[in-house]
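Heads up: the protein sequence lines correspond to chains U and A, in order.
When we follow the working numbering, the leftmost residue of the first sequence carries the number 10, and every step to the right adds one.
When we follow the working numbering, the leftmost residue of the second sequence carries the number 31, and every step to the right adds one.
Treat each hint with caution, since some may be false.
What the hints assert, rightly or not - As a list, the in silico DMTMM-like pairs of lysine to aspartate or glutamate whose alpha-carbon atoms are at most 25 Å apart:
#1 A:K36 - U:E566
#2 A:K36 - U:E550
#3 U:K595 - A:E162
#4 U:K595 - U:E471
#5 A:K322 - A:E245
#6 U:K595 - A:E245
#7 A:K257 - U:E549
#8 U:K168 - U:E189
#9 A:K190 - A:D145
#10 U:K168 - U:E147
#11 A:K36 - U:E630
#12 U:K126 - U:E78
#13 U:K126 - U:D87
#14 A:K257 - U:E550
#15 U:K595 - A:D145
#16 A:K257 - A:E245
#17 U:K126 - U:D76
#18 A:K36 - U:E549
#19 A:K190 - A:D100
#20 U:K17 - U:E566
Honestly, the hints are just simulated from the structure, not real lab data.
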Amino acid sequence: MNRYPLWKNLLVLGVVVFGAILALPNIFGDDPALQVSREDGQAVPEFTLSAIRSVLEEENINYIAADFEENAVLVRFDNVPMQLQASGVLREALDFYIVALTLAPRTPAWLRAMGLKPMSLGLDLRGGVHFLYQVDLETATQQYLGTYVADLNTQFREKRLRARATPEQTFITVQVQREEDRGAVSEIINELNNTTGINSPLGQADSVIIDETIIEGQPSYEIRLSESQIRTRQDFAIQQNTTTLRNRVNELGVAEPIVQRQGINRIVVQLPGVQDPAQAERILGATATLEIRLVDWENDAFEAQRRNRPPLNSILREQRDGTPVLLRREIVASGDQLVDATSGYSQGQPAVFIRLDAQGGQRMLEATQANLRRPMAVVYIEEKPELVERRGEQVLRTVREETVINVATIQGVFSSNFQITGLSPFEAQNLAPILRAGALAAPIVKVEERTIGPSLGQDNIEMGRNAVMIGFLLVVAFMLIYYRVFGLAANFALFANLILIVALLSLLQASLTLPGIAGIVLTVGMAVDANVLIFERIREELANGNSPQASIRAGYEKAFSTIADANVTTFIAALVLFMFGTGPIKGFAITLSLGILTSMFTAIIGTRAIINLIYGSRQVERLAIGGGTP
Amino acid sequence: MQLFVKVPDFDFMSGRRIAVLLSCVIIFFSLGSVGTRGLNLGVDFTGGVLLEVGYSGAANLTDVRNALADAGYDTALVQNFGSANDVLIRLPPSGDEEEGTVVRDRVLDTLREYDSSVLLRRIEFVGPQVGEELTEQGGLAMLFALILIFAYVMLRFNRKFAAGTITALVHDVIVVIGVFSFFELSFDLSVLAALLATIGYSLNDTIVVFDRIRENFRIVRRGTAEKIVNASINQMLARTLITSFTTLIVLSALYIWGGQAVNGFAGALMIGVIVGTYSSIYVACTVALALKVSPADLLPAKRQEIDDMP
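With the sequences and hints as input, model every part of the structure.
Here it is, written out as structure tokens:
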């Protein structure tokens, strides 16, 4: 007799039912949707929802539903073209709002209440943009060294020491020009380790390494960052860049974005639903800040431009139309003091409204009081990373572009709050989020980009689903014809296997990609293998003249070690793929290894349970396993 | 229905000299093709920019090419992709990473100027550095997988079986790469995944046959190793063919209905399954026999009880 104890049957049933519940959210599908949220992240007010509804109705765009979801409004549509049309209309109609394309699962409320979610779809299935950025860590440490230089020189000056610090590529040199200052200089340098030392798990580590040398016959010091300090700085740089990029992504208003570190010096950014990579990149890649300076109106800018020499205490800059402007050297306020920036309209003109912190406000107040009716300029500073060839090597360099975006006469005294005009609506909308998001700690350069249009994503989903279904049905038909009742058991197992894979993917929230679907398809093909092995073995045992019951038992038992060996080795291959692979390969490895695990369960224990229920508890003359067995 | 009414008795192993010759020739040509023609590596490996765009009607490739050439991209590769409406444009790496962005925007602008209805379906930009890393990672992954598999098979069987397994796997990888090189098929990331899946599949097949050989070595104490190996292959033949068949069914479904994006994957794996099935019989078993594998190798059969655990 072949019978499973009750607990084993219950276990099989339990696992399958549990899997089915976990997989349930996936059958409801998604609606193409728009997520409308406020630029400043505040909750969307009631009247905006009614505005959205009336705008869509006016334009005759059918929508399924428009409701609040957390702080945003979610508008669902029947199809992608409708969604795209609506997104254009709503973007036009709503100022200060971010309209993001997304997919909204139709999961019913009771399932959502249980915390169950459908599988998350990868970018290749839902459309979107994927960027991989490389962070220039060398520059980050150099910049940090630069702060030491300024600090040291200030101290030397204050203490009237004849010494000078100059930055080199990876270290600072301090030249002592007067022998008797040497002790004092050395003290200041050594102080660096006390004031800026870092706390490592091993205790206080030295942050700099100081070597004595002689440069141009003068006693000198070479200061370089210690290994632990360099690592800490680089970690900081990556962390800060990740945070900054995340802020910028939030400014883009993308539903479910991913911003995370990858490897030592890379950051991956995934923006589902974003269609225009160029626009996304303008906001992600740019490092922009503002400076506010007084205009030097006493000298002739054109004259300075012709002679290519600005007067003392002034700097020469250009407006966007190329007109030269002379600016006073001292900065009234800068981007560090910026608290908020929003775009909008002022007297019909596109404008960016700026708010400064207390210190910046105070400086503005003083400057505007003293310079009423005189011109003031807003300088827009953009830093872009650029790769240049240097000594046969590709080197990252940051290019600083300064443009005067606005020169205006100071009409009244103001402090913390003011506005910048003279921009196009498009510029105003782009500038505000860039200013808000702050600066990057180290330059980044894009090393990879993948954009999938929403229509292709939709196509990929449909084709993937079709391929899985057709492949599945063909295999099921074959198994039924070839192995009869046993084939039926195998087919149940195959179906359960599919459910379990989907359940695990939903549970892990690992995103399903097209290669992932390929992995599932392959598992379907290979899951059958275990059953083929078992059933062929049973046929063999029957052919050897064993009784049906003994053949079933022997078939399962003898095939087990083969199945285990075969699956373990394939699992090893999948595991290696997972460890070494990135992106698409990883997606394939995940579904393949999950599939191997679930198929071991369903094909061995699952089919045995079914076969036992059918044949186990009775005297059997012959088995319906196909073929010419007695 | 039954593939073989009784266990077949094909004499596989007597033909193994011819098979070895055949394999050597194929491998020679594969390596020769890779050496002379190289591989048609995709953007994933070489770096560069790839754009897939869709038009509302059939696209005129010559016009697209001319428009791009006017904009200074005369090296652009323009071809249909999937349907007459879809166009794939590939630009070689420029060497300057930042330029990828500029190229993308300019190409898109050029295309929009030519026909404003153009719909962006996909962009891939890969920096040369990332491409290099991928090649390195792919090779490393393969090497690592082979080492781990060798170790596992050595542990579960013995050195000779492990050598046979690894030879078969290397054989399969070379042949699949050779086919891609010879027919100048695009070798991209998904093909790399398929190559690794081929390793998994072929391995599966080889292990199943070896498992039966091991079992027969323990039961059948008489007869030459060659006879036992041959009998084992025959006993497993129905299973080998059925599993290859079902896997090929699913892969065909993927190839036909899965869309362009998984075409390379499905195609490569189909070749891999066929080559893998062949190699598990002829390459793996031949190598094991050449190394004089014999029942004596497995005599201290102390692992028996563990092996047969249900």
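Hint check:
1. A:K36 - U:E566: 22 Å, holds
2. A:K36 - U:E550: 12 Å, holds
3. U:K595 - A:E162: 18 Å, holds
4. U:K595 - U:E471: 22 Å, holds
5. A:K322 - A:E245: 17 Å, holds
6. U:K595 - A:E245: 36 Å, violated
7. A:K257 - U:E549: Holds, at roughly 19 Å.
8. U:K168 - U:E189: OK: U:K168 and U:E189 at ~13 Å, within 25 Å.
9. A:K190 - A:D145: 63 Å, violated
10. U:K168 - U:E147: Not satisfied, since the Cα-Cα distance of roughly 32 Å exceeds 25 Å.
11. A:K36 - U:E630: Holds: A:K36 and U:E630 sit about 21 Å apart, inside 25 Å.
12. U:K126 - U:E78: 16 Å, holds
13. U:K126 - U:D87: At roughly 21 Å apart (the allowed maximum being 25 Å), U:D87 and U:K126 satisfy the hint.
14. A:K257 - U:E550: 21 Å, holds
15. U:K595 - A:D145: 38 Å, violated
16. A:K257 - A:E245: Roughly 14 Å between the alpha carbons, so the hint for A:K257 and A:E245 holds.
17. U:K126 - U:D76: 19 Å, holds
18. A:K36 - U:E549: Holds. A:K36 to U:E549 sits at ~9 Å (cutoff 25 Å).
19. A:K190 - A:D100: Given that 25 Å is the threshold and the Cα spacing comes to 62 Å, the pair is violated.
20. U:K17 - U:E566: Holds: U:K17 and U:E566 sit about 17 Å apart, inside 25 Å.
In the structure shown, a violation is registered for the earlier hints numbered 6, 9, 10, 15, 19, in ascending order.
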